[in-house]
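Protein chains in written order, with my numbering: chain E, 1 to 273; chain G, 274 to 549; chain X, 550 to 906.
Hints in this document: simulated from the structure, not taken from any laboratory. C-beta: ideal position from N, C-alpha, C; glycine also. Treat the hints with caution; some may be incorrect.
Claimed, not checked - Sample of chain E residues lacking proximity to chain G, with all beta carbon distances greater than 12 Å (derived):
| # | residue |
| --- | --- |
| 1 | 82 |
| 2 | 90 |
| 3 | 94 |
| 4 | 132 |
| 5 | 144 |
| 6 | 147 |
| 7 | 149 |
| 8 | 157 |
| 9 | 163 |
| 10 | 164 |
| 11 | 196 |
| 12 | 201 |
| 13 | 232 |
| 14 | 257 |
| 15 | 262 |
| 16 | 267 |
To be verified - Only part of the chain G face toward chain X is listed, based on derived beta-carbon distances under 7 Å:
| # | residue |
| --- | --- |
| 17 | 311 |
| 18 | 361 |
| 19 | 448 |
| 20 | 451 |
| 21 | 454 |
| 22 | 457 |
| 23 | 458 |
| 24 | 459 |
| 25 | 469 |
| 26 | 470 |
Stated by the list, open to error - Not the full set, but computed from the structure, chain E residues with beta-carbon under 8 Å of chain G:
| # | residue |
| --- | --- |
| 27 | 93 |
| 28 | 185 |
| 29 | 187 |
| 30 | 188 |
| 31 | 189 |
| 32 | 199 |
| 33 | 200 |
| 34 | 202 |
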Amino acid sequence: MTRTARRRTLKLTGTATAALLALSALSACSSSDSSSASSSPSASSSAKLSGTVTVFAAASLKESFTSLGKTFEAAYPGTKVTFNFGGSDTLAASITSGAPADVFASASAKTMAIVTDAKDAVGTPVTFVRNQLEIATLPGNPDKITSLKDLTKSGLKVVLCDKTVPCGAAAQKALTAGNLKLTPVSYEQDVKSALTKVELKEADAAVVYKTDVKAAGGKVDGVEFPESANAINEYPIALLKDAPNATAAKAFIALVESAEGKKVLTAAGFLNP
Amino acid sequence: MTEPVLVAGRKQPRQRRRSPVPLPLLLPALLGMAFLVLPLAGLLIRTPWSELPHQLTSPGVWQALRLSLIAATCATAVCLVLGVPLAWLLARTEFPGRGLVRALVTLPLVLPPVVGGVALLLALGRNGIVGRWLDEAFGVTLPFTTAGVVVAEAFVAMPFLVISVEGTLRAADPRYEEAAMTLGASRFTAFRRVTLPLIAPGIAAGSVLAWARALGEFGATITFAGNFPGRTQTMPLAVYLALQSDPAAAIALSLVLLLVSIAVLAGLRDRWMTAP
Amino acid sequence: MTGPAGPTGPTGLDAHLIVERGDAFRLDVRLTAAPGEVVALLGPNGAGKTTALRALAGLTPLTGGHLVLDGLSLDGTPPENRPVGVVFQDYLLFPHLSALDNIAFGPRCHGVPKDRARAEAAGWLKRMGLDDHADAKPRKLSGGQAQRVALARALATHPRLLLLDEPLAALDARTRLDVRAQLRRHLADFEAVAVLVTHDPLDAMVLADRLVVIEDGRTVQEGAPADIARHPRTDYIAQLVGLNLYRGEAVGHTVRIAGGGPEITAADALTGPAFAAFPPSAVTLHRDRPTGSSARNLWSAEVAGLESHGDQIRVSLSGELPLAADLTTAATAELGLHPGAPVWATVKAAQVRAYPA
């Protein structure tokens, strides 16, 4: 290649790269503009609902919300409810990063605040249930755990949720209330992971929700403890601002708050708000 | 610029040879470059430079980094000790089921890391098929320990090393080993003094790949070893958890990991990747 | 080290090598050699010479037969335990070691401490005239230098059997001359048995005390190089030494070629199965049938091909008796020879040798 031709190619490459970097810098500096199609509000409640409702919900709501989802689909043929269960903090972060969802039900006011602070929710979130902590032990409770203090016994492998997760934050509150210092072997990223560790017999005990102990059936034994009363989590639910299917979403939220919804949730072990 | 050139007795101006990079190749290449550079650029541009010093003084950062580096290096060592003989077996010997073994070796490559983590729990966990015996006989459990981190990372990184070394072994001339044997070297001595030096570049390349893979492992680590600062919380875990609550911290951690990785890979490349 | 000889003292090599490779190939060769002897295995490609060498080295297992060196049976012994040294065709010098360390490799494998091994290696390099190249890596050595290092490497372990696989094949013509002469001197100094594999008859003639010619896995002839050259028993050897060779039935001075071929009158008289041979230079070609010539042997033939052979032209002839004739360029031009041209070939009976088959 002659000098001129080479220079030309280099210039072209350089310009292109610079342009791409500049573009990215520009978009970084500019404020994020959320452009979305807002769905038209429907007036009558007996309007035909259809489409998919995407619900982001805390892991502890898995069993009860799945069953409510089926109820919803049966009541409104033509609809489909898809769930994304996980740690409330992870879900909140996804929503504020732009994940498409209709409804958000979190396990603590703090994690809901992440979404409302970012102005991604519509209206005020409503607390629909509360959840209380319980200790999950190996079936038969071989380590004879009867209180929160027993978890601090040396040699015991205890698993907690990470502090950033509502379950973990509540556990810390309970420990402080009981004036206890507990060093777990692991801080799990959501409550179901913590429960699974006990189900797999890798850990001797975990601090999870009453609802999780109930859902696990015979795989774990539950031990209630008084300090849990100091650390009850309130579960808010909210319609999201950029919900692709706001009409059906509102109907789902209504179902959750209805008497029927409450029946399912209470049966799972949740406390009334 | 143009020089007269004697062509068949007549003077002719020399043609300026134009050979620019063809556009159908240049454009995708630039896109490819941008595709790889853009996320890194995003990281650099969005780094909260003013907050960086504060983030970097947090003990959690250096704890996680130290653990990550130590675990990745130990995992690579495990891969070397177990993987090089395995590669030799696959490349130099014939045994029934060799094809199956080779396929199994590449399994961790396609297995989702979390699945790998679950499998490790079922095998080496406190209640696992082998782990149970380890616990009863030696009181040793791997989950929730740094050793568990090393095991999880070695599991996902091993295929990189074995495949790289097996490839190099196949390309190496086995007659050198024959020559060594005629000089009095046993098969193992021939391997040690002749084959190993010959395949050293392949081993180095495989080790670098394995180390990089081990450093970045997340799913298997968090599933098998759990998450505890200083003991099992590697950098990728720390970044993931920080992302939920403190994105600025997550970015700072990512930057540190990125810089450390670049430094190590650049340093290694010069010394080990060039042929003797 | 393997210096002292086996239990019965230095008795040399006594081998019957049988190697079977599926149904395709079977090697069955007997090889004996006294200490100090150089035996050359000569044969065309695929004859089994390399297989024989590998069997002697222990790199290929014997399917049958025996292998006894200095009274010690080596059959079943792995190569690293045999007192055998090998110089490979492409030398196979270890690329990551210097010339010195290559030579020291063998002694170190036998337990000699590093310093002493390196000192011995330095001695070998001096003997080979390569002390300037002690630290050179193999890729920096010329072909001839590499060959000498390979030889020194094999000799450094004091083997009782030295095997050389086409030792000069990788060299260019000019280097080959010098290296052949040097190799001859080294082999003359070597006290134990040396077996050399080659397809070049000149190498065999110059370097070996005895030739063993192998074709298709079998020995077809063995003896001193000069004897074989004078009395070849197969086409391959005849071609190698440059003779026209025929097999037939002799009655007195006449040999009737097998398969109902013509008769050849030879200088020697004998009866029974016989070979008849004459060099291409003994053939005279005529355009017309000669009359009144003293030559007893006269055949009509057709020119099949012409090629230069040294400073002469070798003419291949087909006909009732296929043969090769050497003519000067002038003679070829004079006769107007071209492929397909009809000629008459004559050979004086005095120049035809006959010997028992």
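Beyond 12 Å from every Cβ of chain G: is that where the Cβ of residue 149 (chain E) lies?
With a cut-off of 12 Å, residue 149 (chain E) remains clear of chain G, as the shortest Cβ separation is near 21 Å.
Residue 262 (chain E): least C-beta distance to chain G exceeds 12 Å?
Since the minimum Cβ distance to chain G is about 30 Å, residue 262 (chain E) lies beyond 12 Å and the statement holds.
Minimum Cβ-Cβ distance from residue 82 (chain E) to chain G exceeds 12 Å
Holds, since 21 Å exceeds 12 Å.
Restraint check, 7 Å cut-off on beta carbons, for residue 311 (chain G) near chain X
Because about 43 Å separates residue 311 (chain G) from the closest Cβ in chain X, which is outside the 7 Å limit, the hint is violated.
Under 7 Å is the threshold here; is the Cβ of residue 459 (chain G) close enough to any Cβ of chain X for the hint to stand?
Interface hint status for residue 459 (chain G): holds (5 Å vs cutoff 7 Å).
The output says residue 144 (chain E) does not contact chain G. Does that hold with a beta carbon cutoff of 12 Å?
Non-interface label on residue 144 (chain E) holds, nearest chain G Cβ at 19 Å vs cutoff 12 Å.
Does residue 164 (chain E) sit more than 12 Å from chain G, CB to CB?
violated, 4 Å
Far enough from chain G: is every CB of that chain over 12 Å from the CB of residue 196 (chain E)?
Given a closest Cβ separation of 9 Å, the condition is violated.
Does the nearest C-beta of chain X fall within a distance shorter than 7 Å of the C-beta of residue 457 (chain G)?
holds, 4 Å
Can the hint on residue 189 (chain E) be confirmed by a CB-to-CB distance to chain G that is less than 8 Å?
holds, 7 Å
Given residue 458 (chain G) was flagged as interface, is its beta-carbon under 7 Å from a beta-carbon of chain X?
holds, 5 Å
Could you let me know if the closest chain G CB is still more than 12 Å away from the CB of residue 257 (chain E)?
Holds, because the least Cβ-Cβ distance between residue 257 (chain E) and chain G comes to about 27 Å, which exceeds 12 Å.
When held up to the earlier numbered hints, the structure conflicts with 2, 3, 8, 9, 10, 11, 12, 17, 18, 25 and 32 and fits the remainder.
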